[in-house]
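In case you want the letters, here they are:
Protein chains: 2
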Amino acid sequence: MLSGLIPRRTPATVYEPMRYVIAAGGKRLRAALALLACEAVGGKPRQALPAAAAIELLHNFTLVHDDVMDHANMRRGRPTVHTRWDENTAILAGDEMTAYAYHALLGSAPDALPELLRVFTGAFIDVCEGQGLDKEFESRMSVTLPEYLGMIRKKTACVIGAAAELGAIAGNGERRERSALRKFGEQLGLAFQIQDDLLDIAGTVKELGKPIGGDIVERKKTFLFLSALERGSAADRALLRSAVPAGRRRAAHIRRVKALYERRGVLDASAREILRRTDRARRALAPLSPSPAKLMLLHLADQLQVRTR
Amino acid sequence: MLSGLIPRRTPATVYEPMRYVIAAGGKRLRAALALLACEAVGGKPRQALPAAAAIELLHNFTLVHDDVMDHANMRRGRPTVHTRWDENTAILAGDEMTAYAYHALLGSAPDALPELLRVFTGAFIDVCEGQGLDKEFESRMSVTLPEYLGMIRKKTACVIGAAAELGAIAGNGERRERSALRKFGEQLGLAFQIQDDLLDIAGTVKELGKPIGGDIVERKKTFLFLSALERGSAADRALLRSAVPAGRRRAAHIRRVKALYERRGVLDASAREILRRTDRARRALAPLSPSPAKLMLLHLADQLQVRTR
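Heads up: the protein sequence lines correspond to chains A and B, in order. Okay, so the first sequence: first residue is 172 according to our numbering, each after it adds one. Okay, so the second sequence: first residue is 172 according to our numbering, each after it adds one.
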């Protein structure tokens, strides 16, 4: 469905990388949420197709530009755009993807359009702010857990929340249904990101498609890392802040950090936080009348919680 | 007016560079065009304020990202964003500027909004394609003059044409007024870009705010360069394609290329092309009823033609 949104136009240097990104697939979580949310408020899923496409394109644009900023080489088991082509190509393809996101959104019903655009543009502003905070945290010595949650709310949860709200708007949902679905998406998004943090160390290479402990190697300020700093002893903090050795000693370092996480109950705390957020998401749906789509949304929440990649 | 569009929000790493770009000013040609076009079709200029702000923000976003891609250090007499901060900051600030462009546009009257969004998003798509073509031309051996005109149409003229059309839409102009103003803007945009090419060699350092002959040093495929290739002898083409010497011999090389341009009538041909496009722009306004705003648009066209920077 999404690949049909990017026409076979020239210049190839712009459109080929765009199609490359879209063809790589992904979970399409945001698109699915928009379609289900639309159905859950009594709309036909196809009313939300433009919004679903738009939010998925916005998400893919953020991946392309974030990968440039993070110098990430692999994404979805393939070279990233700036690795396969170059940075200029990735910047420009990302820009054009945002243009096409709006282009897709303009296919929505005219009466819903202003509200869809407002929520969509709000998510666009938020996700840029979230990425800005994420980059700021890299060079800041101390980041607190609440600050971290504020960052992932903007960077991840707002877009997922917007996906659900857009679906509700496209389906002509009432205001309380809209805000219920927004909250559902946001809490799910928070759970989703913390799960990502947890999978970096609790998953397997095969499940993840990339080496285990990447966040530890980069000393990324994840939910696990920041919880460990809060709960650990002075010696624990010293280990977390120490330089990561290269070569053969690297695996031993990752094992030591993982052992620390287990000893300080960080893995359990993360699992509990995921559960808590998923629970809040489920409860947020209470105002919605029973329907197959509502059941699917609840099922989706459970699935994300037990996902391994 | 524009600086009020970028709020004093956090993270500072996103909003400070945005305000830095907007505070640098510029000609505000696109914003002025939108306001005058609105008035020329009988609207109040303030009806076009959101569109004027949006198109100016879109233009400034392209400058920020293009400067990253071109490794340009100076813009409007100040360091570019990626020079003052870094590339990641420039990428993200540019992204956020497009989000704020849409945010600004959403302040338009609801009945005009869908059409404004369509024209604006079309310009956004075009300008990315134009930049893609521009980058492609850098590594291509042969580019023809018509190809060059097609590139600057997308990269420069479409946004200027859209600025005028957006103004006409915001002012509830009739369809023939809209297309008259669109054509006016596009032809003006073409003249504007060829003037830019000409000023690179015909202007003075003081007027330009940067060294003369920068395009020659980069062997950029400008209107002048491509005309000279078409009109020149084999020896002329060899000079144009030869490596540009560094150090003290560079100035002599620039003088030789300028002499070639004069000998082959390239400077005259460029001046004639600017005149021709400006004339077409003026004539495009024929369908519009006489008004002070129409006179201002005609005056603007004349001004651009004699500008020195």
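Wrong hints could be hidden among the right ones.
As the list claims (entries may be wrong) - Restraint ranges, calculated between C-beta atoms of paired labels, are given here: (1) B/G385 with A/N343: 20 to 28 Å; (2) B/R249 with A/S350: 38 to 46 Å; (3) A/M245 with B/N343: 49 to 57 Å.
Hints listed in this document are in silico derivations from the structure and should not be mistaken for laboratory results. For glycine and all other residues, C-beta sits at the position ideal for the given N, C-alpha and C.
Okay, the hints, checked on the actual structure:
no.	hint	in the structure
1	B/G385 with A/N343: 20 to 28 Å	56 Å, violated
2	B/R249 with A/S350: 38 to 46 Å	44 Å, holds
3	A/M245 with B/N343: 49 to 57 Å	52 Å, holds
Checked against the numbered hints above, the structure violates only hint 1.
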